[in-house]
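Colleague: Take a look at the letters that make up each chain.
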Amino acid sequence: MATTESETENPGRARILERLRTALREPTPRPPGAEGRTIFAPVKDVMARFQKECAANITECIVTPEMQSSAKAVEDLLAVIPSGEIFVQDSPALRRLAPEWQATRSIRWSSEGGPRESAQATITSAEALVALTGSVLVSAACGGRGASVVAPVHIVMATADQLVPDLDAAFALMRERNTAFQNSYVCLITGSSRTADIEKILVMGAHGPIRLIVILAMHHD
Amino acid sequence: MSNAAHEFLRSAAEKSADLAHRQIIRRGIDSYNAANERGRSRFLDWEAARLRCQEIKWEAVNNLDRYLLEFEQRVKDRGGQVFWAENSEEARQYITDLATARGVHKVVKSKSMVSEEIHLGPALEKLGIKVVETDLGEYIVQLRNETPYHIVTPAMHLNRTQIAALFKEKLGDVDTDDPQQLVAAARRALRRDFFSAEMGISGANFLVADAGMIALTTNEGNGRLCTSVPRIHVVLSGIEKVIPRLQDLATLWPVLATAGTGQPITCYSTLAGGPRQPNEVDGPEEFHVVLVDNGRSELLANVEEREVLHCIRCGACINACPVFRTVGGHSYGTTYMGPIGSVLTPRLRGLNEFQHLSYASSLCGACTDVCPVKINLHHHLLHNRRDAVNASDRPWSERIGFKLWRWAVEDARRFRGAGWLARLGMRVMHRLHLDGTPLDPARPWNKNHAAPPAPAKSFRALWGKRNGND
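Protein chains in written order, with this note's numbering: chain A, 926 to 1146; chain B, 10 to 479.
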C-alpha cells in the first residue's frame, strides 16, 4: 500500500482519527434543538435598522442619492484627513469615481499591492451590508486583507441594494456567490477597532481603523 | 495533597483577603453583567439561541472525525497545510521546526488559549525568536511576565494606575494613566512588530468544515493584522473547535459575543482559509493549521463528559462564578480558570493532581445557567469528584469519616445521638474558646468564620414541638 505524504510526516493524524472513531462508536443523545423557535426578531426595514445599528456600534453612515454624490462625500472626507497616501480598491466602479480624489490626494491602487503602513485612509467596496448588526461584509476581493484594517480610516462605498436583513441572509448570499471558495479571507466588520482591556473602559482604534465610514448610495446613478 | 492543590489553597487564601483585588474584579464583572444583560435582550429568544448552539456543537462533536477531514480537505484545496498533533510536544515541535526552517526572528500572536496550554511562547523564545502578544490584555500580562488572568479579559486584575506604571517602565514613551493614551502607546509599539514579524500565530474560535476556514473574532483588529501582514500564518486550535457549516455562525457569532463581552457581535468576525490566492492583493505566503488533541479524544471517549468539548471559550461561566470572583484567575494555576477550567483541567492534566479544582465550587450552578452551549458544568464537577475518589487514595481520615457518617445516618437513633454529640462538642469548644484552633474538628471552616452559638435542641425536636407532638 502506498503511503501518502501525510502518513509519513504526520503519523499522529491516523492515530487521532482512529481514537475519534473508536470514541464515537458510543453515541450521545441528540439535544432538543430550537426547531420552530425564532432567535432574532425579523428585520422589517433594512435601511432604518442598518442606520440605527451603525449609530450604536460607532460606524459613520452617510446616505447619498447616488454614487456620484457618494464620490463627492468622499472628497469632503478626504479634505480633513492628514496628508499622505490613500489606498483604493482597484475596481471599475471606484476607478470611475476616483478622478476627483486624485486631484488632491495621491492614490495607491490595490492592483499595486496591499496598503502601505503609512496609508491615511482606505476606500473599498463591500460584499454586503447586514442590517441586524449594522455590519459590513468584505472579502479579499474588496481590495485585499489589509485594506480594511491597516489605515486609521476605512471608507466603504456601498449601495442600498447591498443591504441584507440578517446574518442568515448574508451567509445565504455568500453561498450563492461562492464567496468562501473564491476568497481566502472574509470579514464581517461591525464598527471600528476598539478595546476594553483596561478597566473595561471602551477605547476606539486599538489596532485597526479609528473611523469606519459607510457611504451608502440609495441608487447606482 | 498535590503541589498544585497546596499552591491553590495558599493563593486562594491570600487573594480572598486582598480587598483591593476584589474591588477591581467586582468592577470588571459588574460592567460585564450590565453589558451582557443588554446583549441578551437583543435576542427575541435567548434560550432558543442557546439550544441552537448546543445542537450545532453536539452535531460537530459527535461527528468530529468527519468534519475535521472535510475542513482539512478544503484548507488543502486552497494550498494550506494541516498538521495533527497528538500532544503539546508535537504541536510545539511542528511550529518551532517551521519557524527555524523559515528563518523566523519575530512572531506576532493574537490570543490563543491553546498556545498557553502547550507552552508555545517559551519554546519559541528558547530558539531566540521574539514572541509578541498583540491582544492588548495579553500584551499587558506578557510585559508583566504573567499568564492571562481570564480567558477573555487577560488583564482584568489590573487597574489603569498599574498599567500606566508598567508602560512607563517598559515602553518609556508614555507617562499617563488615561486609557485612550495607554492604548495609543501600545498601538504604536505593536505596529512596529506587526510589520517586522515573519510569522503570525492565531487561535481559532471555530473551524468551519464546509468552508475550510477558521473563524476568528477580535475587537482590536490585532487578529486581522496577525493573519494579514506576516509571511506565514499559523493557526493553533483544539480539535473540538470544528463546526459543520458557515451558516451556523449566524447564531454562534452573536451568541459568542454576547456571552463573552455583551456585544451584539464582535467587531471583526474574520474567516481565513488559506494563503494568499493568485488573484488576491495580499496575505501570507503560507497557511498552516495545527490541530491539537492533547487529551481531547479521551474526553470524547467518555460519553458522560463528552459535552465538555462543546465549550466555545466565551468565559461566561468564569464571570458568573463566585469562587472565581473571590480567589481570582491566577490562583487556579491553570490555563483555563473558573468552572470550565475546573471541569477541564483534571480531565486534560490528571484527575488526581487537579482534583482539588472540582471542589473549588459551591455547586450553586450559576455557571450552568449562563453557559451559552448549555454544558451542565456543575454536574461535571460532581462527576470529577466521584471519579477522583474512585481512582485515587483519599486520606484515611476522610474514608473513616464517611464510614462513620454512613453508619450514623442509617439509623434514626444513631442519627439523633450523633446530633446530640455534635451540639455538645460545639458548646464545649465554644466555652473553652477552642473554635478554629487545631483541636477543633471543624477548624477548616471555623478558622475563618465566627461559629454561631450551638442550638440547644435538634431540628427534629424543634419541629416536633412546633407541631405539638412534644
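Incorrect hints may appear among the rest.
[Claimed, not checked] With beta-carbon atoms standing in for the labels, derived distance ranges:
no.	chain 1	residue 1	chain 2	residue 2	range
1	A	Glu1037	B	Gly88	33 to 43 Å
2	B	Asn399	A	Glu951	45 to 55 Å
3	A	Thr947	B	Met10	49 to 59 Å
4	B	Gln189	A	Glu1042	51 to 61 Å
5	A	Thr947	B	Leu433	53 to 63 Å
6	A	Glu1042	B	Cys373	49 to 59 Å
7	B	His114	A	Arg1041	19 to 29 Å
8	B	Arg201	A	Thr963	43 to 53 Å
9	A	Thr963	B	Cys373	45 to 55 Å
10	B	Thr109	A	Trp1034	46 to 56 Å
[Claimed, not checked] These stretches of chain B come out as covered by chain A in the derived footprint (C-beta under 8 Å, 3 or more residues):
no.	region
11	86-98
12	134-140
13	151-157
14	197-207
15	231-238
16	248-257
17	346-352
[What the hints assert, rightly or not] Each computed DSS-like pair below joins lysine-lysine, with the alpha-carbon atoms no more than 25 Å apart:
no.	chain 1	residue 1	chain 2	residue 2
18	B	Lys115	B	Lys139
19	A	Lys1125	B	Lys24
20	A	Lys1125	B	Lys115
Hints listed in this document are in silico derivations from the structure and should not be mistaken for laboratory results. Beta carbons are placed, not taken as given, at the ideal position from N, Cα and C, and that holds for glycine.
Colleague: Is it true that the C-beta distance of B:Arg201 to A:Thr963 lies inside 43 to 53 Å, as the hint says?
Modeller: The hinted range 43 to 53 Å holds for B:Arg201 and A:Thr963, with Cβ atoms some 48 Å apart.
Colleague: Between the beta carbons of B:Asn399 and A:Glu951, is the distance compatible with 45 to 55 Å?
Modeller: violated, 20 Å
Colleague: With the threshold set at 25 Å, check whether the alpha-carbon distance from A:Lys1125 to B:Lys24 stays at or below it.
Modeller: holds, 21 Å
Colleague: Honestly, do A:Thr947 and B:Met10 meet the 49 to 59 Å range at C-beta?
Modeller: Hint violated: Cβ distance 35 Å, outside 49 to 59 Å.
Colleague: Could you grab the alpha-carbon distance between B:Lys115 and B:Lys139 and see if it respects the 25 Å cut-off?
Modeller: Given pair B:Lys115, B:Lys139 holds - Cα atoms ~5 Å apart, limit 25 Å.
Colleague: How does the region 231-238 of chain B fare against chain A when you require at least three residues with a CB closer than 8 Å, holds or violated?
Modeller: holds (count 6)
Colleague: Taking a Cβ-to-Cβ distance below 8 Å as contact, does the region 86-98 of chain B have at least three residues touching chain A?
Modeller: With 5 residues in contact (Cβ-Cβ under 8 Å with chain A), the coverage given for the region 86-98 of chain B holds.
Colleague: Are B:Thr109 and A:Trp1034 spaced within 46 to 56 Å by their CB atoms?
Modeller: violated, 37 Å
Colleague: Should the hint that A:Thr947 and B:Leu433 are 53 to 63 Å apart at their CB atoms be regarded as holding?
Modeller: At roughly 57 Å between Cβ atoms, B:Leu433 and A:Thr947 fall inside 53 to 63 Å, so the hint holds.
Colleague: Taking 8 Å as the Cβ threshold, is the statement that the region 134-140 of chain B is covered by chain A upheld or broken by the three-residue rule?
Modeller: It is violated: at least three residues are needed, and the region 134-140 of chain B offers just 0 whose Cβ sits closer than 8 Å to chain A.
Colleague: Check the following: the C-beta atoms of A:Thr963 and B:Cys373 are separated by a distance inside 45 to 55 Å.
Modeller: violated, 31 Å
Colleague: Taking the Cβ atom of A:Glu1037 and the Cβ atom of B:Gly88, is their distance within the range 33 to 43 Å?
Modeller: With Cβ atoms ~24 Å apart, the hint is violated.
This entry does not satisfy hints 1, 2, 3, 4, 9, 10, 12, 13, 17, 20, going by the numbered hints stated previously.
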